Amino acid sequence: MNSSFLRISIWVYLAIFFAYLLGPLVIMSITAFNSSSFPRISPWECLTFQWFTELFHDQRILNGIKNSLIIGMGTVVLSVAMGLAGALMLTQIWPKLRATYYTIIIAPILIPGVVLGISTLVFWDRINRMLGLGADSVLSNGVFLTVIGQSTFIASYCMLVLVARLQRYDTALTEAALDLGATHAQAFRKILLPFMRPAIASAAVLAFLASFENYNTTTFTFGEYPTLTIELAQKVRYGITPAISALAFIIVALTVFFALLNEAKLRRQELVAAARRNATVQDLGGKIRLPGFFAGNMAAVLLVVFAVATITVVGTATVYSPDQCIANVKEQKRLEAERRIQELRKQREEQRKQREAQEAEQGGATQSAPKPSNNSGFGGVFAPGALGGGTDAEPEAEEPPKGNGGFGNVFDPNSLSGDQ
Amino acid sequence: MPSFLKEFFNRNGTGMGLTILGLVLFWTIGLIILPQLSMLDFSFRPNLPPPEIGGPKDVYTLENYKYLIYGPEGGSQDYNTVDLRVFFRTLVAAVCVTIFNLILCYPIAYYLGQSKGSHIRIFAIMLIIPYWINEILRAFALRIIFGETGVLNTLFTGLGIWDTPFDFIRNDIALYAGLGYAYILLMIFPIYNVIESLDRNQIEAARDLGAPWWRIHWRVVIPYAKPGISSGCTMVFMLSAGALAAPQILGGPSSLWFTQLIYQQFNDNNDWPQGAAYAVVLLVTCILFVLAMMRLFKVNMGDIGK
Numbered sequence: 018m019n020s021s022f023l024r025i026s027i028w029v030y031l032a033i034f035f036a037y038l039l040g041p042l043v044i045m046s047i048t049a050f051n052s053s054s055f056p057r058i059s060p061w062e063c064l065t066f067q068w069f070t071e072l073f074h075d076q077r078i079l080n081g082i083k084n085s086l087i088i089g090m091g092t093v094v095l096s097v098a099m100g101l102a103g104a105l106m107l108t109q110i111w112p113k114l115r116a117t118y119y120t121i122i123i124a125p126i127l128i129p130g131v132v133l134g135i136s137t138l139v140f141w142d143r144i145n146r147m148l149g150l151g152a153d154s155v156l157s158n159g160v161f162l163t164v165i166g167q168s169t170f171i172a173s174y175c176m177l178v179l180v181a182r183l184q185r186y187d188t189a190l191t192e193a194a195l196d197l198g199a200t201h202a203q204a205f206r207k208i209l210l211p212f213m214r215p216a217i218a219s220a221a222v223l224a225f226l227a228s229f230e231n232y233n234t235t236t237f238t239f240g241e242y243p244t245l246t247i248e249l250a251q252k253v254r255y256g257i258t259p260a261i262s263a264l265a266f267i268i269v270a271l272t273v274f275f276a277l278l279n280e281a282k283l284r285r286q287e288l289v290a291a292a293r294r295n296a297t298v299q300d301l302g303g304k305i306r307l308p309g310f311f312a313g314n315m316a317a318v319l320l321v322v323f324a325v326a327t328i329t330v331v332g333t334a335t336v337y338s339p340d341q342c343i344a345n346v347k348e349q350k351r352l353e354a355e356r357r358i359q360e361l362r363k364q365r366e367e368q369r370k371q372r373e374a375q376e377a378e379q380g381g382a383t384q385s386a387p388k389p390s391n392n393s394g395f396g397g398v399f400a401p402g403a404l405g406g407g408t409d410a411e412p413e414a415e416e417p418p419k420g421n422g423g424f425g426n427v428f429d430p431n432s433l434s435g436d437q
Numbered sequence: 010m011p012s013f014l015k016e017f018f019n020r021n022g023t024g025m026g027l028t029i030l031g032l033v034l035f036w037t038i039g040l041i042i043l044p045q046l047s048m049l050d051f052s053f054r055p056n057l058p059p060p061e062i063g064g065p066k067d068v069y070t071l072e073n074y075k076y077l078i079y080g081p082e083g084g085s086q087d088y089n090t091v092d093l094r095v096f097f098r099t100l101v102a103a104v105c106v107t108i109f110n111l112i113l114c115y116p117i118a119y120y121l122g123q124s125k126g127s128h129i130r131i132f133a134i135m136l137i138i139p140y141w142i143n144e145i146l147r148a149f150a151l152r153i154i155f156g157e158t159g160v161l162n163t164l165f166t167g168l169g170i171w172d173t174p175f176d177f178i179r180n181d182i183a184l185y186a187g188l189g190y191a192y193i194l195l196m197i198f199p200i201y202n203v204i205e206s207l208d209r210n211q212i213e214a215a216r217d218l219g220a221p222w223w224r225i226h227w228r229v230v231i232p233y234a235k236p237g238i239s240s241g242c243t244m245v246f247m248l249s250a251g252a253l254a255a256p257q258i259l260g261g262p263s264s265l266w267f268t269q270l271i272y273q274q275f276n277d278n279n280d281w282p283q284g285a286a287y288a289v290v291l292l293v294t295c296i297l298f299v300l301a302m303m304r305l306f307k308v309n310m311g312d313i314g315k
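Residue numbers (the numbering used here), protein chains in the order written: chain A, 18 to 437; chain B, 10 to 315.
No lab work stands behind these hints: they were computed from the structure.
Incorrect hints may have been included.
[Stated by the list, open to error] Each pair of labels, with its calculated beta carbon distance range:
hint, chain 1, residue 1, chain 2, residue 2, range
1, B, D176, A, Q286, 50 to 58 Å
2, A, G240, B, P11, 36 to 44 Å
3, A, H74, B, I108, 28 to 36 Å
4, B, I108, A, R24, 25 to 33 Å
5, B, A133, A, G240, 55 to 63 Å
6, A, I328, B, I108, 19 to 27 Å
7, A, R77, B, P11, 49 to 57 Å
8, A, Q251, B, Q123, 42 to 50 Å
9, A, A189, B, R98, 55 to 63 Å
10, A, Q286, B, L207, 49 to 57 Å
11, B, I131, A, R24, 13 to 21 Å
12, A, L39, B, L207, 56 to 64 Å
[What the hints assert, rightly or not] Not close to chain B: a few residues of chain A, all C-beta gaps over 10 Å, as computed:
hint, residue
13, G40
14, A276
15, C342
These numbers come from a predicted model, not from an experiment.
The beta carbon of each residue, even a glycine, is placed where N, CA and C say it ideally should be.
Next up, chain A with everything else stripped away, as it sits in the complex:
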């Protein structure tokens, strides 16, 4: 196959793919700045920041964020601890049990979130009843149930992240520490934990994000403590406003920022490592020039561009006032509505006249012998044969005549709007 054709088709495919992936997010972010009260891009009305103001005054959203943070922290602690224990167990378990054990701890990833939520709810409700506690005990508390329910499967993610690093751990290090007189707890804290720190950090971030965006499990367990996701779902289901787009824009911006920051940092570390590797011993002796933050680091450049853009936008938002523009749009809408009403009124008038004329015609038709409709003198207003049916003629007349009603261009919408 022609290789240039293949190359082009790959790029086209990539473009379509990323348009599908990123397009919705971009469009949603843009709608946050349109003053139209329904989130949309076109017609574009005014650039506005009012939806952000509205968002920051929404008590339910703020409360949801608070609950999400509390639940997220609980989930991070519980699932990283369980994930680490699970990973340690996996490296040491009796080989015959290993496959079964692995299936059990990996299963929560595949079990639908709905099922996890229901089973958590049902199980702890039963425990609660067996212990004879009331409906307001800790075990039926929304925060507790949500943390437990989410940790069930988030711990599996953490375990996968942690076990990947644990496999590279040299157990001789722990043994050496024990030989030198450390207790097991000390060896764990001073040797294993520092080695695992990067993996623990990424597991914690992953756990927090997974907890923050979880819906399926939380929707059965949240009780009196709706998280941000639950509040969003309620809002989206019962009427959507651009305030949600504003929230989405903030989340997208934060995500992009941290992704770029992380990438820039990684890239810099790589460049530094490369420079060290290529340097001679003399260079390392003191005058090695590490690559700057920007050199050969696209992510860093993007990061700075992004930061500047954010500052500009926020700066504009504080001084910009879209009141004049919104007033204009409102005025335009009023005129438009007025024009529509007038148009409608004229149309009704016309229909009424037509109906009268038609009734007169029908009256004539019943008296005289039925004639072919072409001869009725109405030209092409009615479909041929419509009159022959008698009763069929009524619905046909509902259709407004378009331009050929004999009124010239008086009712052309443009002629009216031109006056105003």
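Take the given structure of chain A and dock chain B to it, following the hints.
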């Protein structure tokens, strides 16, 4: 004490060993196994008000499962056609979403896995960013696009391709696009991981021997990537059959997803045992289906986790 437990405590010390063992047991038994069994048990019980639970009326019954198949007792129809239709529609649609995602993601995963360069890293970030955005917000974004006055309808009516707005939501196109959108990453990464480790020489050898590009994929790349493909498909199928947010936000008013029925049983009808029975049916059917597919395509369970 069994020897492996003794060894375990020798290696980790009593305190640490007990902590690890306690956490693992709490997770596996307290959070995974017992709740599932409890749900299974609950699904065989009648729906009773709290004071009567544990009383003489609290006996095992198949009533909740019968309800799914035959509908309410004394109902006008022989079978519960509404719920059964929703159930099969959910499964069929989940399969379609999975196939769609596989077709969409395989070329990308192959491209990312086989090419080198710094732009691959940027692509990877672009892939991950949508996945960090809240599930609800992703569905909301698609609703803006597919709505009656949404971007697509404005565009197409503006260009004069359609006269009247096309109702994407009522025709479930928005729902399928949303489900596919939500799980792209779960399809790409397993396939990418496997293809990345494929030796390029194998492809070049096939090319030197005169194989056309489609045969290289059919005979070399796809057999090699089978574990990745099967774990991607398993995840996407299970998650889209169990999805709740996307059908609630993007589904048409007349079409339900099976998880929505479960949700209704729990929150609107307050019939927990019935909801639990539906959840059990969903879980068991999905697992059986995945196992059957794995047998059909000769994939081992052990390959999935790789």
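In terms of Cβ atoms, is chain B entirely out of 10 Å range of A276 (chain A)? At roughly 5 Å from the nearest Cβ of chain B, A276 (chain A) sits no farther out than 10 Å, so the non-interface label is violated.
Is 19 to 27 Å right for how far apart the beta carbons of I328 (chain A) and I108 (chain B) are? Given a distance of about 46 Å, which is not inside 19 to 27 Å, the answer is violated.
Beta-carbon spacing of Q286 (chain A) to L207 (chain B) - inside the hinted bounds 49 to 57 Å or not: Violated, since Q286 (chain A) and L207 (chain B) (Cβ atoms, about 28 Å apart) do not stay within the stated range.
Is it true that I131 (chain B) and R24 (chain A) lie within 13 to 21 Å of each other by Cβ? For R24 (chain A) against I131 (chain B), whose Cβ atoms are near 18 Å apart, the range 13 to 21 Å holds.
Does the Cβ-Cβ separation between L39 (chain A) and L207 (chain B) fall within 56 to 64 Å? Violated: the Cβ-Cβ distance is about 28 Å, outside 56 to 64 Å.
The hint says 55 to 63 Å between A133 (chain B) and G240 (chain A); measuring C-beta to C-beta, is that right? Because 38 Å falls outside the window, the suggested range is violated.
If I claimed the Cβ atoms of Q251 (chain A) and Q123 (chain B) lie 42 to 50 Å apart, would that claim hold in this structure? 45 Å, holds
A cut-off of 10 Å on Cβ-Cβ distance, and G40 (chain A) was said to be off the interface with chain B. Does that hold? The claim breaks: G40 (chain A) does not keep its Cβ more than 10 Å from every Cβ of chain B (closest is about 8 Å).
Range first: 49 to 57 Å. Now tell me if the beta carbons of R77 (chain A) and P11 (chain B) are that far apart. 54 Å, holds
With 50 to 58 Å as the target window, see if D176 (chain B) and Q286 (chain A) comply at their CB atoms. Once the Cβ atoms are compared, 51 Å apart, the range 50 to 58 Å for Q286 (chain A) and D176 (chain B) holds.
CB-CB spacing for R98 (chain B) and A189 (chain A) relative to the 55 to 63 Å hint: 57 Å, holds
Does the claim that C342 (chain A) lies off the interface hold, with its Cβ farther than 10 Å from every Cβ of chain B? Holds, because the least Cβ-Cβ distance between C342 (chain A) and chain B comes to about 21 Å, which exceeds 10 Å.
Violated hints for the displayed structure, listed by number in ascending order: 3, 5, 6, 10, 12, 13, 14.
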